[in-house]
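S.K.: So the chains spell out like this:
2 protein chains.
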Amino acid sequence: MGTGASVRETAMRRRAIRAYTAEPVSRAALEVILATAGLAPSAFNLQPWRFVIVERADVKTLLSDAAYRQRQVAAAPALIVVYTDTTDAIARVEEAIHPDLAEDRRESQRASVRREFARKTEEERENWGLRQGYIALGYLLLAAEEQGYQTSPMLGFDEEKIKSAVALPAQVRVAALVAIGRGAEEGRPHHRHPLDRIVKWL
Amino acid sequence: MGTGASVRETAMRRRAIRAYTAEPVSRAALEVILATAGLAPSAFNLQPWRFVIVERADVKTLLSDAAYRQRQVAAAPALIVVYTDTTDAIARVEEAIHPDLAEDRRESQRASVRREFARKTEEERENWGLRQGYIALGYLLLAAEEQGYQTSPMLGFDEEKIKSAVALPAQVRVAALVAIGRGAEEGRPHHRHPLDRIVKWL
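For the protein sequence lines, the chains are F and D, in the order given.
Going by this note's numbering, the letters in the first sequence line up with residues 4 to 205, in that order.
Going by this note's numbering, the letters in the second sequence line up with residues 4 to 205, in that order.
Just so you know, these hints were derived from the structure itself, not from any lab.
Don't be surprised by glycine CBs; every beta carbon is placed ideally from N, CA and C.
Where hints are given, some of them may not hold.
Claimed, not checked - Below, simulated DSS-like cross-link-like pairs (lysine-lysine); rule was C-alpha separation at most 27 Å, straight line: (1) D:K123 - D:K63; (2) F:K166 - F:K63; (3) F:K164 - D:K63; (4) F:K123 - F:K164; (5) F:K164 - D:K164; (6) F:K123 - D:K123; (7) F:K166 - F:K123; (8) F:K123 - D:K164; (9) F:K203 - D:K164; (10) D:K166 - D:K63; (11) D:K203 - F:K164; (12) D:K166 - D:K203; (13) D:K123 - F:K166; (14) D:K63 - D:K203; (15) F:K164 - F:K63; (16) F:K166 - D:K63; (17) D:K203 - F:K203; (18) F:K63 - D:K164; (19) D:K166 - F:K123.
Said to hold, decoys possible - Derived Cβ-Cβ restraints for the label pairs, each shown as a range: (20) D:S111 - F:D103: 51 to 57 Å; (21) D:S111 - F:T64: 21 to 27 Å; (22) F:L198 - D:D103: 18 to 24 Å; (23) D:R113 - F:R59: 33 to 39 Å.
Build the full structure now, drawing on both the sequences and the hints.
M.R.: Set out below in structure tokens:
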């Protein structure tokens, strides 16, 4: 399946791609990509990330409208809505607790989660979980490239329209809309800050 | 240098590690890890992420205090403060614009950035950029594992104490504190939601 390339090589090769061939994204590859994204770490292991894979033309049209008709949305054979549902994650905290933990450690984790969220509003909880959706997004983009698919992650869109297009509950937050398929263009070479612009050593 | 493992294998192998050997993290490996993190995508290519690498004992003590004395902070030979400075990123937008773009496209990108932030407060701008710090964090964790180093990303800490410990400007946001070193424990196997719990197909 994969390309055999390293994480660093995969990150070097990945570029934002806005033109795609008509070839569908294989279900097997999507499952590997999403399972890899799901291996990202999260606070309390709550894994608030959720994914909607969209291939239906009518839904893609709605997503295109929600993403200001950026050309990669209509061009891609599939779209991935990356969202977070922290309310759901907290409600089902038992699913997040590691099965190897003894009951006293389980109760301690439950108590930590209760303490963390006790004084947060629903909006604050959802914004808290939203950030962790982007850790999974980082994993997802690298996993897609490794599976031989190119992507274009979009962070700018009409969030309510996206939620409406894929019938998401009101409280969730949309982290990103990702176009995915076999690239039909080269993309621009990376243009990134040199390390000494973004790193300090203490 | 790297392990030659794939993105998926690296994600499978990576676990939260809280005990480390005394071996320092090599400067060359850190540079590869940070350069890989810097390849993450960001809106308008603004790359708001910044990193402080901490090996000094006195600063580590301050960070330990800021992170509620979680044992991996004192145990790790190095710590990485992952933060975002969106104010700086916006102020120096010229650095983010791709050199291949012609002047009309450059002006269009400047205008998009101005439009995006015109009605945002400083706090809103920084919260906007903070999310993108987590994309880079996902890259960083995989790159570290690939370089043969284990990590423990912490998302819970006293943010003001972290900023004070490493002398960061007031407006920036701390995305994560990452302990890094050669692991001295196995860590717990992954415990993650099955795909059908987190994925919908449309």
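S.K.: Taking the hints in turn, state whether each one holds.
M.R.: Results of checking the hints against the structure:
A C-alpha spacing of about 35 Å is found between D:K123 and D:K63, which places the hinted pair above 27 Å, so the restraint is violated. This hinted pair checks out: F:K166 and F:K63 have alpha carbons roughly 13 Å apart, not beyond 27 Å. Annotation: proposed proximity of F:K164 to D:K63 is violated, straight-line Cα distance about 45 Å (limit 27 Å). A distance of roughly 26 Å separates the Cα atoms of F:K123 and F:K164; the hinted pair therefore holds under the 27 Å criterion.
With a C-alpha separation of about 39 Å, the suggested pair F:K164 and D:K164 falls outside the 27 Å cut-off, and the hint is violated. At most 27 Å may separate the alpha-carbon atoms for a hinted pair to count; F:K123 and D:K123 meet this at roughly 23 Å. The hinted pair formed by F:K166 and F:K123 meets the criterion: a straight-line CA distance of about 23 Å does not exceed 27 Å. Taking the CA atoms of F:K123 and D:K164, the gap is about 21 Å. The hint holds against a cut of 27 Å.
Note on F:K203 and D:K164: the hinted pairing holds, with a Cα-Cα distance of about 18 Å set against a maximum of 27 Å. Distance hint between D:K166 and D:K63 is fulfilled; the C-alpha atoms sit about 13 Å from each other, no more than 27 Å. Taking the CA atoms of D:K203 and F:K164, the gap is near 18 Å; set against the 27 Å cutoff, the hint holds. For a cut-off of 27 Å, the pair hint linking D:K166 to D:K203 is broken: about 40 Å separates their Cα positions.
A distance of roughly 23 Å separates the Cα atoms of D:K123 and F:K166; the hinted pair therefore holds under the 27 Å criterion. Restraint check for D:K63 and D:K203: the C-alpha separation of about 43 Å exceeds 27 Å, so the hint is violated. A hinted pair counts as satisfied when its Cα atoms are at most 27 Å apart, and F:K164 with F:K63 qualifies at roughly 12 Å. With a C-alpha separation of about 43 Å, the suggested pairing of F:K166 with D:K63 is violated against the 27 Å cut-off.
Between D:K203 and F:K203 the CA atoms are separated by roughly 42 Å; this puts the pair beyond 27 Å, and the hint is violated. Between F:K63 and D:K164 the CA atoms are separated by roughly 45 Å; this puts the pair beyond 27 Å, and the hint is violated. In summary, the hint linking D:K166 to F:K123 is supported, as the alpha carbons are separated by about 23 Å, within the 27 Å threshold. Range check, D:S111 to F:D103: Cβ separation about 54 Å, and the 51 to 57 Å hint holds.
Take D:S111 and F:T64: their Cβ atoms lie about 26 Å apart, and the range 21 to 27 Å holds. A hinted range of 18 to 24 Å holds for the C-beta pair F:L198 and D:D103, which are about 22 Å apart. For D:R113 and F:R59, the hinted distance range of 33 to 39 Å is satisfied, since their beta carbons lie about 37 Å from each other.
Hint compliance for this structure: hints 1, 3, 5, 12, 14, 16, 17, 18 are not met, and every other hint is.
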